[in-house]
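Participant: Listed here are the chains, written in short residue letters.
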Amino acid sequence: MIITRQKPIDDILKCLDGIEKVFIVGCTQCATICKTGGEEEVKSMRQVLEGKGKKVAAAEVWDTPCNLLEVKKRFRDGKDAISGSGAVLVMSCGDGAHTVCAGTGMNVVPANDTLFLGQSERAGRFNEVCALCGDCTLFMTGGYCPNALCPKGLQNGPCGGAKDGKCEVNPEIDCGWLLIYNRLKDAGKLDNMKKIMPPKDHSRSIRPRRIIVDAVRKR
Amino acid sequence: MIMTLKEKISSRKFIITSEIGPPKGIDVKSNLEEALMLKDRVDAVNVTDSQSAVMRLGSLAVSRLLKEEGVEPIYQLTCRDRNRIALQSDALSAAALGIENVLVLTGDHPSRGDHPAAKPVFDLDSVQLINTLKGLETGKDMAGKELKGVPSFCIGAVVNPGADPLEPELIKFEKKVKAGASFFQTQGVYDVDAFAAFMDKVKSFDTCVIAGIILIKSPDMARFMNKNVAGIFIPDKLIEEIENAPDRQHKAVEIAARTIKDLKGLAHGVHIMSLGWNKLVPRILDKAGL
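Protein sequences appear in the order of chains A and B. Following the working numbering, the numbering of the first sequence begins with 36 at its first residue and continues without gaps. Following the working numbering, the numbering of the second sequence begins with 694 at its first residue and continues without gaps.
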């Protein structure tokens with residue numbers, strides 16, 4: 036899931052400075068779970084903006100703003116309301132904001148900062164466990180990713196900075212390599228850790244990445 | 694004929710190294726004064742690479758300046774700020790400047806230093822960097838391209854005998870040996886018995902382990918290190934000793950010399966990190982009988 040956090044309201048208002056009418060778009064998926072763009076948040080944003088003297092053309096939660104075809108369909112259906120606004124305030128991830136811009140050609144203002152790809156531990160608690168490196172080695176590291184869990188992304192074991200099992204960068208979090216070590220030890224797979232892992236191939240994650248799924252290509 | 698560090702390591706001489714930190718700026722006067730003070734007493738002097746992720750004058754430049762003064766440098770090279778292109782290029786630069794000793798470290802995270810907004814690089818880790826330097830010695834770069842003029846290094850690495858748990862540290866140590874490190878400098882040692890237990894565990898690797906000695910300048914510093922520095926354990930007895938000493942510099946020298954004496958039969962050398970008190974290093978060595 037894509038984890039987002041709402042920008043400070045003053046920053047959002049600054050971006051909307053001089054704009055009279057705003058069209059608000061939320062998202063039924065990740066942003067709903069993050070409480071940054073569900074029904075409730077969209078409604079409350081409407082109240083805040085109206086309180087600041089803005090007109091709100093509509094406040095909708097789309098399924099989903101990161102889907103270009105869906106955005107284009109929504110734009111066709113609600114063209115007057117959207118085009119008649121000075122900006123679309125997108126309460127989703129950056130992907131959603133980008134796609135709404137691409138599908139509507141409107142002035143888009145992102146309401147959220149997009150933080151990471153995250154695991155939902157429980158309501159309102161999200162953890163980054165995958166760094167989207169494009170070269171998964173979880174089978175070697177006991178299911179814990181050193182790229183995501185070690186701030187240095189080390190491939191061959193701990194840096195030596197961990198104190199009482201906690202990371203030198205953030206004493207609130209566990210040393211990723213100690214998690215890996217303990218898991219491999221329990222599974223009797225410490226040999227995995229003894230192998231020298233080669234440097235990552237960063238040419239696999241050159242931005243912007245795009246793929247066409249083989250099954251679609253063949254069609 | 695003066696022996697190089699590499700030759701001294703292979704002849705199993707007891708190695709003595711110290712270290713200096715380049716300034717923030719370009720005034721190297723005190724660096725060079727310190728180096729000259731150490732010149733006839735130590736085998737080589739480490740030059741730190743923007744240590745603690747605090748931006749400073751480059752370790753390569755200061756390493757070369759030491760060499761010009763007749764002091765053998767150990768060029769510290771961290772993975773923190775350079776990708777594999779820059780790491781290889783800087784290693785070749787060192788070799789072209791006549792610097793053979795390279796100490797490879799991961800490096801502290803930039804968030805811990807004075808430019809916390811900097812992009813952390815860590816394109817290679819320390820094990821991979823050692824591998825890469827060994828590769829350069831075969832005349833090829835990481836891309837398999839031939840080098841015009843082949844470098845030769847004396848590659849060092851670090852190990853923390855006080856790591857808890859120790860096993861992951863030992864696994865990484867073994868990888869560094871396999872990758873081609875020919876000497877190790879350790880985190881500061883205060884508990885000689887624990888160090889002896891560590892040496893017993895690594896004796897089968899038959900590599901050169903140079904024990905770290907960090908001067909205890911004050912009781913507060915000792916407590917700070919105990920609380921914040923991984924793998925450092927300064928026993929209360931030592932802290933009391935320094936607390937009750939009428940002359941702390943004198944006491945710091947005494948404790949360091951005593952530790953070095955105790956380490957003589959165990960370690961293959963000592964690396965003295967004086968934290969700005971390099972002028973005390975000759976006295977420490979005198980007292981330790983070195």
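Simulated from the structure, these hints should not be mistaken for laboratory data. Careful: at least some of the hints might be erroneous.
Heads up, simulated DMTMM-like pairs for lysine to aspartate or glutamate below, C-alpha to C-alpha not over 20 angstroms straight-line [said to hold, decoys possible]:
{"hint": "1", "chain 1": "A", "residue 1": "Lys229", "chain 2": "B", "residue 2": "Asp929"}
{"hint": "2", "chain 1": "B", "residue 1": "Lys871", "chain 2": "B", "residue 2": "Glu860"}
{"hint": "3", "chain 1": "B", "residue 1": "Lys920", "chain 2": "A", "residue 2": "Asp199"}
{"hint": "4", "chain 1": "A", "residue 1": "Lys114", "chain 2": "A", "residue 2": "Glu207"}
{"hint": "5", "chain 1": "A", "residue 1": "Lys198", "chain 2": "B", "residue 2": "Asp733"}
{"hint": "6", "chain 1": "B", "residue 1": "Lys760", "chain 2": "B", "residue 2": "Asp733"}
{"hint": "7", "chain 1": "A", "residue 1": "Lys198", "chain 2": "B", "residue 2": "Glu860"}
{"hint": "8", "chain 1": "B", "residue 1": "Lys722", "chain 2": "B", "residue 2": "Glu700"}
{"hint": "9", "chain 1": "B", "residue 1": "Lys972", "chain 2": "B", "residue 2": "Asp733"}
{"hint": "10", "chain 1": "A", "residue 1": "Lys198", "chain 2": "A", "residue 2": "Asp209"}
{"hint": "11", "chain 1": "A", "residue 1": "Lys229", "chain 2": "B", "residue 2": "Glu867"}
{"hint": "12", "chain 1": "B", "residue 1": "Lys920", "chain 2": "A", "residue 2": "Glu55"}
Participant: Failing hints, ascending?
Facilitator: Per hint list: 1, 4, 5, 8, 12 violated.
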